[in-house]
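Enquirer: Taken in sequence, the protein lines are chains F and Z.
Just so you know, we're using the numbering used here here: the first sequence kicks off at 1 and counts up by one.
Just so you know, we're using the numbering used here here: the second sequence kicks off at 1 and counts up by one.
Simulated from the structure, these hints should not be mistaken for lab results.
Predicted model only: the values in this text are computed from it and were never measured.
Okay, the calculated beta carbon distance ranges per label pair:
| hint | chain 1 | residue 1 | chain 2 | residue 2 | range |
| --- | --- | --- | --- | --- | --- |
| 1 | Z | Val110 | F | Asn225 | 45 to 55 Å |
| 2 | F | Arg214 | Z | Gly137 | 39 to 49 Å |
| 3 | F | Ala8 | Z | His11 | 28 to 38 Å |
| 4 | Z | Arg167 | F | Lys148 | 54 to 64 Å |
| 5 | F | Ala170 | Z | Ala60 | 40 to 50 Å |
Even glycine gets a Cβ: it sits at the ideal position worked out from N, Cα and C.
Residues per chain, in single letters:
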Amino acid sequence: MRGRGDTAQTEERVRLLLGPADPVAGEAAPDAAVLERILAEDPRARRGRPRSHRPSRRRWVIGVAVIGVLGVGGLAAQATGVIPGDVDWGLNRAGHGAGSEGMAPDSDKAEMLFSGTAPDGTAIQYWEAPNPSGGLCHYMRVLAPDGKPARSGGWSECIRGGETFDGMGALWSAVDTNALSDWVAVYGRVPQGAVAARVVWAGGRTEGPMNVGRDRYFVAFLPYNSRSNEEWMREYRTEALDAHGRVVAVVHSDR
Amino acid sequence: MPEDGTPDAEHRLRALYAAHYGRVLNFARRRAADPDAAQDAAAETFLVAWRRIDKVPREAEEALPWLYAVARNILANQARGERRGGRLAVRLGRTAPVAAAAPDHAGGVVEALHVRAALAALSQRDQETLRLIGWDGLDTAAAARVVGCSARAFAVRLHRARRRLERELARREEPAEPQLAGAKGERS
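Bound conformation, chain Z alone:
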């Protein structure tokens, strides 16, 4: 135990870390530029939680959205650093190799790529809205806390984003238009 720490604070952080590190890391891996950046972001999220342990919600169902909100801010700072001058590398250092994401099962590879391509065609806001529910395991109320809006506003965003995703998926499944003779730019 750190000599300046209180037993309760350290106990809380250890419990928080044990309960949520994996999900925070996965949250970062879905958004970061590379696995190293994701691991840095996850570690820094818990560093922020340690500094502000008194502000971390004690209710289990509220702690994870709080951590996700912190991770989002850290990832945004990383992205700013990348735009300013190159790839952001180590913030807190690493002590273990980063595990690669598990490969898709053969049968679902094409479908997974299809869905991800459709998702990538949407706006950043739609993507984030759908990720929070579809991949990060949150419900509307928790996701609203992560992005900082009301649950009702998030529900509307989710409904619209879902419709746009389905529209994009359907568009990609339509057969391509046959080429017409005398296409634009050609001389007959």
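With the rest of the complex left out, here is chain F:
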């Protein structure tokens, strides 16, 4: 049986083998400007309520997951040509600055691809707009239960065009632990012919089948505290299912 001494020896051996080949040397100094942007971007809403204890972990309760309502809100705004100001801001957030040339989004062509509502009323909306490079910008918008843009959460990204990959028709998914604080959003899109999606993590935990909504998108919300951060990092696969429950497509996470 392998003992701790053996493991320590193996660790040392690996460090000896790999150490000289480390592609990164030294350690960068903390970027103070980035830290200030982080602190300014996500003000905490915990005024006057310091926690007195660390919350204990809850048991895994998959039944609490609720299939988000794949809404059509935002279509009205699109129909009138009025994109919410915070959506315009969110799409532009990642399309400017050094290295982002040609990726400023055309917000006039923004559309909401899907939305979903968590059990506590917090909602997400996934917005997309093209950029001049031929790529796309995305904004994951978070709305508070009162329907107003949340003061924290969400994310922005811009992708440069020119690649040959065509996402239309393909299966993709994301286990998003970043958009919301209290929930993990599981969402994606299934190919033509599929009516549901299922996510299976290494170790066997499963979410779904999740029915798809308009345009074949699916979304579900799982309590963030239902498992440890390390468990959320595990590999998983997403299966697209047809009306008979047969798997018609599979994609594996890259972890």
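Start from chain F and add chain Z according to the hints.
Expert: Below, chain Z alone, put in the same frame as chain F:
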């Protein structure tokens, strides 16, 4: 101090950032598609930590594996974005130029390339297992927390990955087989 922040939360994040930003950035640089993506991933890691500051372990030896686990997820999301439609660019923006990795010392260039080539020939899981110990400075217990398995399971993975790396290194050091007359496809 942000008007909605508590002094303790902001103090904790500042301390976390000062202590671990460099290592998180290096972690990302070893895995990201390019230096810009690495810097974005590092910044976003601390943004997640800020949002979940109460969930970040207070023990110093547990905070870094927690940050690494978050960074792994962010890098995986980046890779998905690359596969879906092109190179993922800015997420949080940048305010300073990204420093390039230091060049290898002349004497170790060939050896370093040899080891990296051998590493690249292994499976993704083996590569990650070896990187966490060999480059990211973790021990088995901490690395297990990053990947989400038991310490014992990680120890087994490490042992096997190390053997496969050594086998690959040895294979690359063997002299090439001499070409035989009448090789396949040739007519005698």
